[in-house]
Amino acid sequence: MALSTRHLLGIKDLNRSDIELIFETADNFKTVLNRPIKKVPSLRDVTIANVFFENSTRTRLSFELAEKRLSADVINFAASSSSVSKGETLIDTVNNILAMKVDMVVMRHPYAGAGIFLSKHVKAQIVNAGDGAHEHPTQALLDAFSIRERFGGDIAGKKVVIVGDILHSRVALSNILCLKQLGAEVMVCGPTTLIPKYIGSLGVKVEHNLRKALNWCDVANMLRIQLERQDIKYFPSLREYTMLYGLNKQILDSLDKEITVMHPGPINRGVEITSDVADSKQSIILEQVENGVAIRMAVLYLLAGQQS
Amino acid sequence: MQNLTLLDGQKFQITIQRLCRQLIENHDDFSGSVLIGIQPRGIYLAYRVAEELRKILPGSKIEQGDLDITFYRDDFRRRNSPLVPNQTKIDFIIEGKKVIMMDDVLWTGRTIRAAMDAMQAFGRPEKVELLALVDRRYSRHIPVAADYVGIEVDSIASQKVVVSWKETDGEDRIVLVSEAK
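One line per chain: the protein sequences are V and E, in this order.
According to the UniProt record's numbering, the stretch in the first sequence is residues 1 to 308, in order.
According to the UniProt record's numbering, the stretch in the second sequence is residues 1 to 181, in order.
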């Protein structure tokens, strides 16, 4: 069994059996991570470069930990402290890193398609850790893996609503593609200005009323308002957004069923989600982070295993 | 394809029972010993041996686990695609215990090397022994020898030894499979 792709650039390139293979492998790595000794020697002759052109806490740490648990050699590169600011191009930067005999590149970049571009010009295998507002495949995989775990193994038929800044979110697009591929029903919810015009073509429902959306769903994935990507005002004020689309204990308790709450992080407490909801037992935010390491181990293991 | 049956039926069962008696010689009531079957096929041997030991020693607690070695293999990235792992199920600590590793066929010895690596994640055993139902002699790539052997077989590399189990395959049988010339 092997993945149908050499790089992980987006969920769009994965078929259902790829996703299931990643989940089954991640199940095994999750048991490894719960042992006293959490390290396996699988990738001991593999060198991986984490190349981050954009800030990250969770994703970078999670990838680095996954690589180290697999015994890979790891180098880290942050654009802010590098020669990129001296005018080096992306291909040159990466080729220079590859000249140091690197096998895989995990890259985050502020521009959509950066990973796809790179995969066509360099020899190493590329893992996309987020490219602009395009895709964030490992986040979508760990989200779906966490839902699967919460519901005892099956995602098909589950109703998931993604709430917030859908327009600027790579997590939203990857999540939609991944959940649809696994047979879930997906809805997006947010102010009209933050919902892409043709999102319906992906086969998702659109709802502008948070209460209606929450009453429909089994799982609510709350996204952050990406102020750093918003060059114009999309809504009158953050306070108004919170009043209309923020998830608080009051709304959650008034629903006739107990839904599961997710958040890809970083949380803006008091904006899209209140602290009492984020820390409640309905929230699986920290499980998502835990599963992130297992999912990334599975992805790196399966990709690295394709090389001869 | 040519199949030669090496062992089946009652003889197969006698071999298993003989291995159990040999284990009892060295491990008494198994209070400080554990059985570990190596995935994917060694686990059936461990199940069977544990079952027999429970019959012979009704008062003893026989601990038995499944060990997957996929992530510890030395041929990763030397195959076309990675192997899909199996489940590891060891719900006891092997620290200070005598471990009896079991696999159905001992051939190159590489699986055993990986298993010894994999086992370390569960503690430092006092002693490790190896039980193999079939020992394919003169074919080792690594200096590994079994402490308990069901049968010894002389075979060439192109042949395969296949062990079937009553519980999963319908019958107990060891077959030597040769490619037709």
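Please keep in mind that the hints were generated in silico from the structure rather than gathered at the bench.
A hint or two may mislead.
[As the list claims (entries may be wrong)] Here are the computed lysine-lysine pairs in the DSBU-like style, where the Cα-Cα straight-line distance is at most 30 angstroms:
{"id": "1", "chain 1": "V", "residue 1": "Lys12", "chain 2": "V", "residue 2": "Lys86"}
{"id": "2", "chain 1": "E", "residue 1": "Lys89", "chain 2": "V", "residue 2": "Lys281"}
{"id": "3", "chain 1": "V", "residue 1": "Lys39", "chain 2": "E", "residue 2": "Lys89"}
{"id": "4", "chain 1": "E", "residue 1": "Lys160", "chain 2": "V", "residue 2": "Lys30"}
Verification of the hints:
Restraint check for Lys12 (chain V) and Lys86 (chain V): the C-alpha separation of about 34 angstroms exceeds 30 angstroms, so the hint is violated. Taken as a hint, the Lys89 (chain E) and Lys281 (chain V) pair is honoured in the structure, with Cα atoms around 29 angstroms apart against an allowance of 30 angstroms. For the proposed pair Lys39 (chain V) and Lys89 (chain E), the alpha carbon gap of about 17 angstroms is at most 30 angstroms, so the pair holds. At roughly 34 angstroms between alpha-carbon atoms, Lys160 (chain E) and Lys30 (chain V) are farther apart than 30 angstroms, so this suggested pair is violated.
Checked against the numbered hints listed earlier, the structure breaks hints 1 and 4; every other hint is satisfied.
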